[in-house]
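Asker: Residue numbers (my numbering), protein chains in the order written: chain P, -2 to 108; chain F, 77 to 190.
Among the clues, some could well be false.
Now the stretches of chain F that chain P is said to cover, found in silico as 3 or more residues with beta-carbon under 8 Å [claimed, not checked]: (1) 107 to 119; (2) 179 to 190.
Some chain F residues near chain P, calculated using beta-carbon distances under 10 Å [to be verified]: (3) 132; (4) 134; (5) 166.
I should point out that these hints are in silico values taken from the structure, not numbers from a laboratory. From the three backbone atoms N, C-alpha and C, an ideal C-beta is built for every residue, glycine too.
So the chains spell out like this:
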Amino acid sequence: DQQVKQNSPSLSVQEGRISILNCDYTNSMFDYFLWYKKYPAEGPTFLISISSIKDKNEDGRFTVFLNKSAKHLSLHIVPSQPGDSAVYFCAARGGSEKLVFGKGTKLTVNP
Amino acid sequence: DAGVTQSPTHLIKTRGQQVTLRCSPKSGHDTVSWYQQALGQGPQFIFQYYEEEERQRGNFPDRFSGHQFPNYSSELNVNALLLGDSALYLCASSLEVLGGNTIYFGEGSWLTVV
Chain P
-2 DQQVKQNSPS LSVQEGRISI LNCDYTNSMF DYFLWYKKYP AEGPTFLISI
48 SSIKDKNEDG RFTVFLNKSA KHLSLHIVPS QPGDSAVYFC AARGGSEKLV
98 FGKGTKLTVN P
Chain F
77 DAGVTQSPTH LIKTRGQQVT LRCSPKSGHD TVSWYQQALG QGPQFIFQYY
127 EEEERQRGNF PDRFSGHQFP NYSSELNVNA LLLGDSALYL CASSLEVLGG
177 NTIYFGEGSW LTVV
């Protein structure tokens, strides 16, 4: 039973354009959501997070949107840069610190 | 400010052997969690330690055990290794008093069981 789903295994965008990575969840008890970026052979790097009491959080080129009624969140990267190429993981937490991760989306930003 | 550090970075073990992985949390953090990431999957929660006690546990067998020391560092032990235990083992740390909302990961320990 996968509680956090990233249905797109991969995404390819052109440099300078917007990258939109999507994530769906099933557990309504989740109250905090995080996005991590991971390069091969490295640990996940924290990018941005959002609490369930908000619907948007922005940090530089990264914006996370949360639609609680649809149990959906998305990460927008604008403008996309080749250095953004990595695997992006969506993670959710429900009142404790146990994170539940999706399987990841591999983003490729082409020059 | 040192981040989360893990050791060793890579190791190879034989089926049936035992392994110990180590983690030092980010400075000031008091909570340590361990995750297993198999190829092509997201990290899976193993367990979490706070105040030297196991506070939460994921769906992993008793072969997986851990410990947290007074300085908040932690160890993950896996006994009777199976081929399927080959994975990247990640340590994450956070600070309980802040609600644990900022969770940082180490670089991981790559375990190969042959």
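Asker: Is the hint on residue 132/F kept, meaning its closest Cβ partner in chain P is under 10 Å away?
Answerer: Nearest chain P Cβ about 5 Å off; hint holds.
Asker: Please verify the coverage claim for the segment 179 to 190 of chain F: does it have three or more residues whose C-beta sits within 8 Å of some C-beta in chain P?
Answerer: holds (count 7)
Asker: Please verify the coverage claim for the segment 107 to 119 of chain F: does it have three or more residues whose C-beta sits within 8 Å of some C-beta in chain P?
Answerer: holds (count 7)
Asker: Does the closest beta carbon of chain P sit nearer than 10 Å to the beta carbon of residue 166/F?
Answerer: Where the cut-off is 10 Å and the nearest Cβ of chain P is about 6 Å from residue 166/F, the hint holds.
Asker: Measuring from the C-beta of residue 134/F to each C-beta in chain P, is the shortest one below 10 Å?
Answerer: Holds: closest Cβ of chain P sits about 7 Å from residue 134/F, inside 10 Å.
Figure legend: structure checked against the earlier numbered hints; every hint is met.
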